[in-house]
Amino acid sequence: MIEQAFWREGLSEPDYIRINNKVHHIIVHHSAGSNIDTNYTLTVRNIYIYHNEILGWSDIGYNYLIAANGAIYKGRDPEGLEQDNVLGAHFCSYNSGTMGICVMGTFTDICPTNDAINSLITLINWKAGKDSLNPLGNYPHTLNVSLPVIAGHRDGCSTECPGSCLYQLLDSIRREVMKVFNTCGFVYKTIETGAKYLHHAEAVFCHGHDVVFIQSDGEPIIQIHLFNLSARKIRLHYEFLAPDRLVFPAFDLSPGIYIIKIYFRNGVYTDKLVILK
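Going by this note's numbering, the first residue of the sequence shown is number 1, and it counts up by one from there.
Keep in mind that the hints were calculated from the coordinates and are not lab data.
All values derive from a computational prediction rather than experimental measurement.
Certain hints may be false.
[Unchecked claim] Simulated crosslink set (BS3-like; lysine-lysine; CA at most 25 Å straight-line): (1) LYS130 to LYS179; (2) LYS127 to LYS22; (3) LYS261 to LYS130; (4) LYS272 to LYS261; (5) LYS127 to LYS179; (6) LYS272 to LYS130; (7) LYS233 to LYS261; (8) LYS22 to LYS130.
[Said to hold, decoys possible] Taking CB as the label site, the calculated pair distances span: (9) HIS237 to LEU42: 11 to 21 Å; (10) ASN20 to SER164: 52 to 62 Å; (11) ASN69 to GLY267: 17 to 27 Å.
Positions of the beta carbon are idealized from the N, C-alpha and C atoms, including for glycine.
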């Protein structure tokens with residue numbers, strides 16, 4: 001992804017207190033701009049200037065922007081928060097619970113390039129998997145009580161955005177994301193280690209890159225142990241991605257049932273891990 005420091009070079013940085021946002025909806029937009037301009041960085045800069053200086057917003061409104069060549073630009077500057085969870089300004093002043101993706105161009109009569117669509121699917125798949133969002137589901141929102149989890153701007157607002165052609169592609173995009181889920185075997189579980197702390201554990205097994213990914217809800221993970229059903233401890237090589245998240249490979253584990261223990265300062269969470277081959 002292309003960082004803000006690159007595309008915003010020479011422009012004033014946004015200066016405001018960011019808000020962390022738990023996402024339930026991924027909202028797809030188009031920029032309603034040129035379909036032939038290939039200076040994508042300049043386009044993002046101009047959108048930032050328009051949002052910041054003309055509309056008077058604190059920052060660019062979208063979390064991500066996608067160019068015709070498939071390049072993904074990081075949009076709203078999270079300043080310490082996660083890029084996908086910083087509250088944006090893109091959904092008719094009711095942005096809570098949403099993440100905004102803008103595909104650059106106008107897609108009323110023509111559709112985005114295959115490169116742009118592939119990047120859009122990849123980005124949505126990553127976010128839906130990360131937050132356990134049902135690609136084919138609906139979730140209530142202030143603007144629409146049955147707003148699709150993967151929605152177009154027009155699903156909640158009086159607008160043509162994201163253009164008729166891109167909007168008509170959303171059903172196939174939802175199915176493509178669900179197809180990846182079904183192929184990769186995404187598993188999500190909410191686990192509670194005590195009355196005060198709520199933690200999440202995620203397991204992702206996908207093709208030749210089988211890994212187990214574990215993330216807490218901010219509480220640092222001390223260590224993990226894995227045991228087989230004979231109570232024998234399995235040697236495990238795991239890597240911390242952050243104090244509250246880690247990953248370890250599953251491809252060197254034999255098929256079977258394991259017991260995993262996740263150690264926090266305030267206690268230990270124990271659960272079953274099933275490896276299928």
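### Task
May I ask which of the numbered hints given earlier this structure violates, with the numbers listed in increasing order?
9, 10 and 11
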